[in-house]
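If you want the building blocks of each chain, they are given just below.
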Amino acid sequence: MAAAMPLALFVLLLPGPGGWCLAEPQRDSLREELVITPLPSGDVAATFQFRTRWDSELQREGDTDHYFLRYAVLPREVVCTENLTPWKKLLPCSSKAGLSVLLKADRLFHTSYHSQAVHIRPVCRNARCTSISWELRQTLSVVFDAFITGQGKKDWSLFRMFSRTLTEPCPLASESRVYVDITNYNQDNETLEVNPAPTTTYQDVILGTRKTYAVYDLLDTAMIHNSRNLNIQLKWKRPPENEFPPGPFLHAQRYVSGYGLQKGELSTLLYNTHPYRAFPVLLLDTVPWYLRLYVHTLTITSKGKDNKPSYIHYQPAQDRLQPHLLEMLIQLPANSVTKVSIQFERALLKWTEYTPDPNHGFYVSPSVLSALVPSMVAAKPVDWEESPLFNSLFPVSDGSNYFVRLYTEPLLVNLPTPDFSMPYNVICLTCTVVAVCYGSFYNLLTRTFHIEEPRTGGLAKRLANFIRRIRGVPPL
Amino acid sequence: MSENAMGSTMVEEQFAGGDRARALARDFAAHRRKSGALPVAWLERTMRSVGLEVYTQSFSRKLPFPDETHERYMVSGTNVYGILRAPRAASTESLVLTVPCGSDSTNSQAVGLLLALAAHFRGQIYWAKDIIFLVTEHDLLGTEAWLEAYHDVNVTGMQSSPLQGRAGAIQAAVALELSSDMVTSLDVAVEGLNGQLPNLDLLNLFQTFCQKGGLLCTLQGKLQPQDWTSLDGPLQGLQMLLLMVLRQASGRPHGSHGLFLRYRVEALTLRGINSFRQYKYDLVAVGKALEGMFRKLNHLLERLHQSFFLYLLPALSRFVSIGLYMPAAGFLLLVLGLKALELWMQLHEAGVGLEPGGSPGPSVPLPPAQGVGLASLVAPLLISQAMGLALYVLPVLGQHVAAQHFPVAEAEAVVLTLLAIYAAGLALPHNTHRVVSTQAPDRGWMVLKLVALIYLALQLGCIVLTNFSLGFLLAATMVPTAALAKPHGSRTLYAVLLVLTSPAATLFGSLFLWRELQEAPLSLAEGWQLFLAALAQGVLEHHTYGALLFPLLSLGLYPCWLLFWNVLFWK
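Heads up: the protein sequence lines correspond to chains G and H, in order.
Numbering-wise, numbering that gives the first Met the number 0 puts 431 at position 432 of the first sequence, and it's gapless, one number per residue.
Numbering-wise, numbering that gives the first Met the number 0 puts 8 at position 9 of the second sequence, and it's gapless, one number per residue.
Read the hints as simulated data drawn from the structure, not as lab findings.
Heads up, a few of these hints could be off.
What the hints assert, rightly or not - Straight-line alpha carbon distances no greater than 35 Å define the calculated DSBU-like cross-link-like pairs of lysine-lysine that follow:
(1) G:K338 x G:K349
(2) G:K210 x G:K338
(3) G:K262 x H:K61
(4) G:K234 x G:K103
(5) H:K61 x G:K338
(6) H:K33 x G:K153
(7) H:K485 x G:K304
(8) H:K338 x H:K279
(9) G:K153 x G:K103
(10) G:K302 x H:K338
(11) H:K338 x H:K485
(12) G:K95 x G:K210
(13) G:K88 x G:K153
(14) G:K236 x G:K153
(15) G:K103 x G:K236
Sequences and hints are given; from them, build the entire structure.
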């Protein structure tokens, strides 16, 4: 449930006109939506999305130069209200109206999973891309834990989750909707009941499976004015049978193996649980330089056999300058576990290079997996502008695949750490003192001192000395 | 307490699941009786119902020879563990609460308490580290299998299925052993594999919660000495110190925490003792102590590193630091060094006396005595090392042959072969003399003794640095006689002394001392049985957990001791 939450920063300027572009979108628009997915275990996942678009006079010049493409990861980020407050300030209605009234910090941080993102990108306004708009997309996903917040009960309501209800849409929003996932439960309407009854439903293929959503449109005046507020409730009539829904086709796990402070091994397990289809995965690893990777120990095995990657890009690390970069395209056989492992040696850092609290360990950023995962249901291409926002999070390249980017967990590696308490300070101090004393003494003892003879000067001086010698006076 | 993160913050324990723990323990015991093994399915179901991520791991291991104390040979079992994921964290760090379930031990109350604690912990939102609740089968073997799989290494040749779920770097672990609903005291064990000890802060943490909860806590199964002013207190302290030295010297893990220490996971074992005392504590008190410990460990920012890793404990609240006890071992080893120096001087003088101006140098023609002295060294050294190797390899290798030809079981065969080879080493001097005839007997034994002294000093020095107790015990017994051994005077007296201080005799004596200190003295026959069992356990623990005592004695100290035996019977 608690997945990795890397703070990944993609500086990605999308090249040229592509599938994302369309002619003349609406100017200065805001769309907001909330997707609620009740899970059979009783947990509830809620995803907020806010998309703001505005026109800009900035012009784009040609294609993006790949030399300017940067990728950076901060492997550790402790989420707290400090992350939420500035994020909320970017919203046009702040947290005064619309869906954002639900964003109450004390509830959001009682969840078991929290993921918050800001994406910004230019969008072409016409086919030739002569003018662009900027799009700011903010997403926030949380998972409410039935064990902690629901006291074991599986029923939920907006009020119970967020301690607020919806009263009005954001006045600036052109679209303000709440979607509730009722995919597996609505056949006979006996397992679960949603209250109030939705006005419409929406069907689509998300992550390779067909989903049905109950839609509540806040701009629909009848929706709120009937009862002055909207508090969507969900009741389980019958406990769901399969507590554990099938896992996704692609998932991954990463760990450090070995013990001791000299050597170790980074292992990544890639699971393809698809019963009959193999698919390729692009694995991107950045490893800090102080873990010295031995590339000859890179082994990739699936089903007990060697799996040769079809593409490897490796950029070795430079001490204190750049990390290792390892990128591989690996074919995952159907229904298999692929193990990618590489050995490393821990480097000794200079004593000023240790972070505060060095015994905590050093973080290694997560690997990034990008894959086109085969879907069970063929999806038809949709118009991104018309369909809900969450659709564009999982873009479909063609009908049979969907794109997934996964982050594995970050790792914590202990490096050989000196004892930074008094003995170490004493050692450092005495070493410095000894070095300074020894250096100067050695210098004094080994140097021979000569009194520099004044060099015989030019013609005038020689002449003067000659005269002085004749006169019987000591020379100059 | 040295660790800042655990010291200053206060924790209010709220665990109140005593009834639940008892009910779960009863259920567990019933299911276990029914199935005769660890009720894996029941455990999985229960752990899942309290909201953990549950995984299992199966393992199998064929022991090198049948283990008669635990009655096992071909072992296969299943470990069950559940992970409580810390909310909004990325699973980089974790804590472990483990309950080892043996085939005979009734550890069901511990399982009940573990599950009740898991249920309580699951409802809290303050966890920053994942918590792994681990129930292992075949006690330490299961723990070893799980640890090896978790760190993806294979140290002991265990066959096990890979782990499906992990939770980052383990920061600390607590092993729990409870066999009754009520306990009178909690005993804490710190001694781990090869004499490794957890950081002293972990022990201090336990002691803090003992005092806070008013629990009666013991070390080495003994009450804390109260009165340090009279003679009684220090005497009791000495008793506990000696017990700790003996347990640490044995190098075996005293509880499943001992295996965690290899992976630099600070760990200790808590044992609930139920004796005939009036005041008893129920599971809630134990649960509260554990809850408090876990909450404080949860606060840890760094791995435990602030306090001592090398210490001896005369009481729970007192320790002897490495700075105090190391000089004792240093002075003992100095004896060997000085004796070696003396021999060197004597040899040098003898050489000078024989050949004026002919110090041992390659340029001058070698005096015949010098040449023989060096050549005569090779045979005893090689033969004694070969004896050591035979002692290490043959018992396990030849168990089937021995069991076929003699009416003994495999385990007995191993132990008896061990003793036979050990004793055969005593006949060694006669064998070596057939190989080498010495012309200058005095110089010969002096050179041999010089080499043996340096060899012993080096070995003991290394052992003292890694496992002080073992090194000190061996030094205290071996050094005096080693320094005295010479082929003159009353040889029988020296021979008796040397045999009495040989490593095997030290082990034999230690067993008696240990039981004496525990106030359960042994008779000679019992002692002999215990000695045989200890030998078998020592060999087994080397093969199953990687304990180093057996190879250390057989490959290092026994050959070295044989050299002194050789010196004594030099002709």
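Hint consistency between K103 (chain G) and K236 (chain G) [alpha-carbon to alpha-carbon, up to 35 Å]: Roughly 29 Å between the alpha carbons, so the hint for K103 (chain G) and K236 (chain G) holds.
Straight-line Cα separation of K153 (chain G) and K103 (chain G) no greater than 35 Å? With a Cα-Cα distance of about 21 Å, the restraint between K153 (chain G) and K103 (chain G) holds, given a limit of 35 Å.
Quick one, are K88 (chain G) and K153 (chain G) close enough, alpha carbons at most 35 Å? The hint holds at about 33 Å.
What's the verdict on K210 (chain G) and K338 (chain G), does the C-alpha distance respect the 35 Å limit or exceed it? 32 Å, holds
Going straight from one Cα to the other, do K236 (chain G) and K153 (chain G) come out at no more than 35 Å? 10 Å, holds
Does K338 (chain H) pair with K485 (chain H) here, judged by a C-alpha cut-off of 35 Å? 12 Å, holds
Pair hint K302 (chain G) and K338 (chain H), alpha-carbon separation not exceeding 35 Å: Status violated; Cα separation ~63 Å.
Would the pair K61 (chain H) and K338 (chain G) pass a check requiring their Cα atoms to be no farther apart than 35 Å? Satisfied, since the Cα-Cα distance of roughly 27 Å is no more than 35 Å.
Would the hint linking K338 (chain H) and K279 (chain H) be met if the CA-CA limit is 35 Å? Measuring from Cα to Cα gives roughly 57 Å; hence the hint is violated.
Hint consistency between K95 (chain G) and K210 (chain G) [alpha-carbon to alpha-carbon, up to 35 Å]: Holds, at roughly 31 Å.
Under the criterion that the straight-line Cα-Cα distance not exceed 35 Å, is the pair K33 (chain H), K153 (chain G) satisfied? 34 Å, holds
Need the status of pair K262 (chain G), K61 (chain H): alpha-carbon distance at most 35 Å? Holds, at roughly 29 Å.
Hints 7, 8 and 10 from the earlier list are contradicted by this structure; the remaining hints agree with it.
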